[in-house]
Amino acid sequence: MPYLIHLAILVGIYGILGLSLNLVVGYTGLLSVTHAAFYGLGAYATAILLTSTGLNFFVALLLGVLITSVLALLIGLVLSRFHGDYYALGSFGFNIIIYSVFLNWQSLTRGPLGIPGIRRPEIFGLNLTDNFHFLLLVLAILLLVYFLCRFIVNSSFGRALRAIREDEQALQVFGYRTTFYKLIIFVLSAALAAVAGSLFASYITFVDPSSFVLFESIFILAIIILGGLANLRGSLLGALFLILLPELLRFVGFPSDIAAQMRQVVYGLILVILMLYRPQGLVGEYKL
Amino acid sequence: MGILPQLILNSIIAGAIYTMIALGFNLIYSTVKFFDLSYGVMMAIGGYGVYWLYKIIGLNLGLSVVLAILLAGLVGYLADYFVYRPLRRRKASTMVLLVASLGIFTALQAVIAILFSSQFQTLSAGEGKIYEVIGGAITGVQLVILASGLLIMLALAFFLNRTRFGRAIKAVGDDEEVARVVGINTDKIISFVFFLSAAIGGLAGVLVGFDTGIEPTMGLNLLLKGVIAAIVGGIGNIYGGVLGAFLLGTVENFGIWQISGEWKDAIAFALLIVFLIFRPQGLFKR
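In the order they appear, the protein sequences are chains A and B. Going by the numbering used here, 127 is the number at position 127 of the first sequence; the sequence numbering is gapless. Going by the numbering used here, 10 is the number at position 10 of the second sequence; the sequence numbering is gapless.
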């Protein structure tokens, strides 16, 4: 049972990551591979604030979101100049640069040692050290994020995003400032990833750079491609599927080192097979 | 021995490695027009091929190297045959191809880690000879790297410009439809391009393995450096890629001298992003 709660919390956190990335990749058609960087920024900001000050978790979370949004704005400004393959590659680059900062800015992040001893959140004097209570918090935030995303994609703003994906130039002809739209959704998506990062940091109570490598971005991308681009429920489905699937491998009885590699083999194969036979994913509404 | 000659030498050696990788990458990109990330795993396949044949099975060195390079080429060919060709038939977008190549890369890299463990290994047998050039030290392996980089650049330039087959490759790159109409077997050409590029990548991986060492994740870093070199130089342009590679090697080595070694990758990507912002077409336009 504790194990199932653990998995459910992970599904919740990756659900938030999937939903937020889908806004950029699925709805706006920008292949961003830098989501783990924003996830990490949120996690590190929360970790540093909680271990070095007596701030409340939710204040730390909001500050983390704020810091991440500012950085995402700067990164988004640079990325907004690129299209297609170049966009993907540029976003790769930012993931690697931010990972280097986590790894090498030792006075702030303690480098590869990571930051231990992060506090769990407290609500009205109730300390969420119990995993079940923490799960409730994660689910509440997941629900909030889901409805926020649904509100966005169903609004006129969301329709403009889909129009950018289909034909950006046409939209520019109609007088839409598409760069502005792309920037807003990019920053918003990063901010939500930071929320997931904060939850992750206080759940595991430890952060280190290895959780935010490029592969993590690829994993989140795999979640939304499997679930389906431009479909919010698809992102949740993808997170559920990709978190639970490797757990089955564990039961097959591989040693843990090999099981970790097997996960990557499975993720890689899923990407290839999906591209070959079902590029829109399980329930997607948009093909890359 | 001053620091400057050594820095220059290191820059040139890094440049030669990046040259090879950028050449292979450019060849694929200019023919099929997508970022083939699976190319990165070819370096690891080359490196581990030699490790397996030479260190575990015990074949002689030359034969192991040749077989490892051919193995990398074969994997490149198979990736095209089983994945990219069906996707091309279906007129899949470049994004689909990119994601598929990412999948191949991720899966094969993990397979290598399962087969050979994810530990860092070294290929070279003990201390090699160290030579002195312009006041800096250079190992025998590094001399081979320089020679290989130069040789591959010249051979590729000759092959693409002076032979019928090479010109056919260029024709496919210019316009696949038209090339097919005039009777070029485009599938065969593209298969060959994937084989050749993967083999060049494999060679680069073998050389890196003898110079520093191998680990399953070595490919991504090398691939990204090659891609940066190719873009900085002007994508699809052979000589541009070479110049970009040496520029990258120089910026990296002088950068880590001024800042510190851990920031090497960040420096490389900073260079890329500066170029993408201010000169997205690269040094040379195609």
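Source of the hints: derived by calculation from the structure; they are not laboratory data. Heads up, the beta-carbon is just placed ideally off N, CA and C, and yes, glycines get one too. Certain hints may be false.
As the list claims (entries may be wrong) - In silico DMTMM-like pairs for lysine to aspartate or glutamate, Cα to Cα no more than 25 Å straight-line: (1) B:K264 x A:D85; (2) B:K91 x A:D257; (3) A:K287 x A:D130; (4) A:K287 x B:E177; (5) B:K91 x A:D85; (6) B:K33 x A:D257; (7) B:K33 x B:D175; (8) B:K55 x A:D257; (9) B:K188 x B:E177; (10) B:K170 x A:D85.
Claimed, not checked - Listed next, the stretches of chain B that the computed footprint assigns to chain A, with coverage defined by at least 3 CB atoms under 8 Å from CB atoms of chain A: (11) 149-163; (12) 217-228; (13) 264-271.
Unchecked claim - Counterexamples of contact, computed for chain B against chain A with all Cβ distances above 10 Å: (14) F34; (15) F35; (16) L70; (17) V83; (18) V111; (19) S117; (20) A171; (21) S191.
Status of each hint after checking the structure:
Restraint check for K264 (chain B) and D85 (chain A): satisfied, since their Cα atoms lie roughly 23 Å apart, inside the 25 Å limit. Between K91 (chain B) and D257 (chain A) the CA atoms are separated by roughly 39 Å; this puts the pair beyond 25 Å, and the hint is violated. Proposed proximity of K287 (chain A) and D130 (chain A) is contradicted: the alpha carbons are some 41 Å apart, above 25 Å. For a cut-off of 25 Å, the pair hint linking K287 (chain A) to E177 (chain B) stands: about 24 Å separates their Cα positions.
For the given pair, K91 (chain B) sits about 17 Å from D85 (chain A) by alpha-carbon distance, which is consistent with the 25 Å threshold. A C-alpha spacing of about 37 Å is found between K33 (chain B) and D257 (chain A), which places the hinted pair above 25 Å, so the restraint is violated. Between K33 (chain B) and D175 (chain B) the CA atoms are separated by roughly 11 Å; this keeps the pair inside 25 Å, and the hint holds. Of the supplied pair hints, the one linking K55 (chain B) and D257 (chain A) holds, its CA atoms being roughly 23 Å apart against a limit of 25 Å.
The hinted pair formed by K188 (chain B) and E177 (chain B) meets the criterion: a straight-line CA distance of about 14 Å does not exceed 25 Å. Between K170 (chain B) and D85 (chain A) the alpha-carbon distance is near 21 Å, which keeps this suggested pair within the 25 Å criterion. Against chain A, the stretch 149-163 of chain B contributes 0 residues with a C-beta closer than 8 Å to a partner C-beta. That does not satisfy the three-residue criterion, and the hint is violated. Coverage of the stretch 217-228 of chain B by chain A holds [criterion: at least 3 residues with CB-CB distance below 8 Å; count 3].
Closer than 8 Å: that is the beta-carbon criterion, and the stretch 264-271 of chain B has 4 residues meeting it against chain A, so the requirement of 3 holds. A Cβ of chain A approaches the Cβ of F34 (chain B) within 10 Å, the least distance being about 7 Å, so the stated non-interface status is violated. The claim that F35 (chain B) lies off the interface is violated: its Cβ sits roughly 5 Å from the closest Cβ of chain A, which falls inside the 10 Å cut-off. Chain A leaves L70 (chain B) outside its interface by the beta-carbon criterion, the shortest separation being 23 Å against a cut-off of 10 Å.
The beta carbon of V83 (chain B) sits about 6 Å from the closest Cβ of chain A, which is not more than 10 Å, so the claim that it is off the interface is violated. Residue-level check failed: V111 (chain B) sits 6 Å from the nearest beta carbon of chain A, not beyond 10 Å. The claim that S117 (chain B) lies off the interface is violated: its Cβ sits roughly 8 Å from the closest Cβ of chain A, which falls inside the 10 Å cut-off. No beta-carbon of chain A is positioned within 10 Å of the beta-carbon of A171 (chain B); the least distance is around 22 Å.
For S191 (chain B), the shortest C-beta to C-beta distance to chain A comes to about 18 Å, beyond the 10 Å cut-off, and the non-interface label holds.
Against the hints set out earlier in the document, violations occur for numbers 2, 3, 6, 11, 14, 15, 17, 18 and 19.
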